[in-house]
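Asker: Each chain is listed here by its residues.
Number of protein chains: 2
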Amino acid sequence: MSHSAAILVIGDEILSGRTQDTNTHYIAGRLTALGIDLKECRVVADVEAEIVAALNALRTRYDFVFTTGGIGPTHDDITADAVAKAFGVGIGFHAETFSLMEANYGKSQFNPMRQRMARLPHGAMPIPNSASVAPGFRIGNVFVMAGVPRVMRAMMETIEPILPCGAPVIAITVSAKIGEGLVAAGLAEIQNAHADVSIGSYPFYTDDGFGVELVARSRDAGAVEKAAREIEKLLTSLGATPERR
Amino acid sequence: MSHSAAILVIGDEILSGRTQDTNTHYIAGRLTALGIDLKECRVVADVEAEIVAALNALRTRYDFVFTTGGIGPTHDDITADAVAKAFGVGIGFHAETFSLMEANYGKSQFNPMRQRMARLPHGAMPIPNSASVAPGFRIGNVFVMAGVPRVMRAMMETIEPILPCGAPVIAITVSAKIGEGLVAAGLAEIQNAHADVSIGSYPFYTDDGFGVELVARSRDAGAVEKAAREIEKLLTSLGATPERR
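Protein sequences appear in the order of chains U and B.
So the first sequence is numbered by the working numbering: it starts at 1 and just counts up by one.
So the second sequence is numbered by the working numbering: it starts at 1 and just counts up by one.
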């Protein structure tokens, strides 16, 4: 049995178009490598009720939820409070985290706003990381991470070893310079003959023309290889030159 | 009154980590320019029930929904059918679209898979565009677009003139090389004194150090300017050098 996951991105800056989110793509790639199936992503604003509603929808439906954003020291960092509310628990200083952060900043520099980052929902475990003394945290099946990509990645490094590994999905990509619409009928036949493989078709455009990338995905490496060979045969029969990517 | 919007990204390739979604960022920027408030984004797999559920959740809650992905000619392009199901309407060839596409491809090349792209939910209006003879479509408050960025952008060009323009949100970004935690207390005071302005704090890291970008946003340009000046004063009082971005 494979595990399912969702990502919840928290941040006005994504919705306003200020910031291109790259965390989702990174986490998606890591989860795929670990054999965990990412099923859904959501982006919500820095609004408590929105975070609570989205988190409760996702955490009750999927095995794991990964959130990014909103755990810094400023007034707009409200994720920890929202997560506590979603779980119906209190929130307060996490003693060990408080001590670590106080030692790092020095007593005089560890001001009340920085101290906010030592507040965890009751029952949460900190996620220490190499990029920041302020931790992420885990509560139940929810992993709460920073929005800054380098900090989020350091937190993922801490999280990954404790995630259950499943069989990874194997993907083979076959590319060719041919219109998607010419491949589509044969591709549908290959998909129908290989119910255990998921076949996707992704057209692309370059300066010197266009083509399509056909991707076969499955946990069964043999089945993927079989499907990929049929895709290559199909492309060749249509006069195109298949290339594995 | 400003209008609200959501984006629904449809595609296994985003969830698997194969493709970095850039469409959300692009659409978010355009909506902000038009004065429409993007409130939520979701990414779901190429699974009909998931698309239907997400679309119905979003279209009943927000003024507009923009979808990307799943309207090509291949078997994994199931968005049009899912949208029809979500609206509880039938689906079939759109005569004008069929004729245009047939004329473009030529009768012999307009095969049954390509013809799939001429199928629209009943009541939908095509979204013609400069990048592809296959249209997107609008039904009710939902705009259905391609996943290929250049085609999606061409469809947005068609859509934008028919969207209601609101007063755009004005943003001023003030950047400084100072720790977020040192600014946080003063920033919270500024936020409390300017309820009509939304102030966000975004730390950044570069090769030669770190800093923070403080963003003031509001539909009231004067209020944004006032808040930005107070942010600059705050930074200066803390010994930092504010720069507008």
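Hints listed in this document are in silico derivations from the structure and should not be mistaken for laboratory results.
Treat the numbers as computed from the prediction; the structure is a model and nothing was measured.
Think of the CB as a built atom: it goes at the ideal place given N, C-alpha and C, for glycine as much as any other residue.
Check each hint, because a few of them may be wrong.
[Unchecked claim] Only pairs whose alpha carbons sit at most 27 Å apart, straight line, appear in this in silico DSSO-like list of lysine-lysine:
id, chain 1, residue 1, chain 2, residue 2
1, U, Lys-39, B, Lys-177
2, U, Lys-226, U, Lys-39
3, B, Lys-85, U, Lys-39
4, B, Lys-107, U, Lys-85
5, B, Lys-177, U, Lys-107
6, U, Lys-85, U, Lys-39
7, U, Lys-177, B, Lys-107
8, B, Lys-107, B, Lys-39
[Stated by the list, open to error] Derived contacts from chain U toward chain B, CB cut-off under 8 Å, selection only:
id, residue
9, Arg-153
10, Ala-195
11, Ile-199
Asker: If a hint holds in the structure, say so; if it doesn't, say that too.
Answerer: Status of each hint after checking the structure:
no., hint, verdict
1, Lys-39(U) x Lys-177(B), "39 Å, violated"
2, Lys-226(U) x Lys-39(U), "26 Å, holds"
3, Lys-85(B) x Lys-39(U), "21 Å, holds"
4, Lys-107(B) x Lys-85(U), "60 Å, violated"
5, Lys-177(B) x Lys-107(U), "22 Å, holds"
6, Lys-85(U) x Lys-39(U), "24 Å, holds"
7, Lys-177(U) x Lys-107(B), "22 Å, holds"
8, Lys-107(B) x Lys-39(B), "44 Å, violated"
9, Arg-153, "12 Å, violated"
10, Ala-195, "12 Å, violated"
11, Ile-199, "7 Å, holds"
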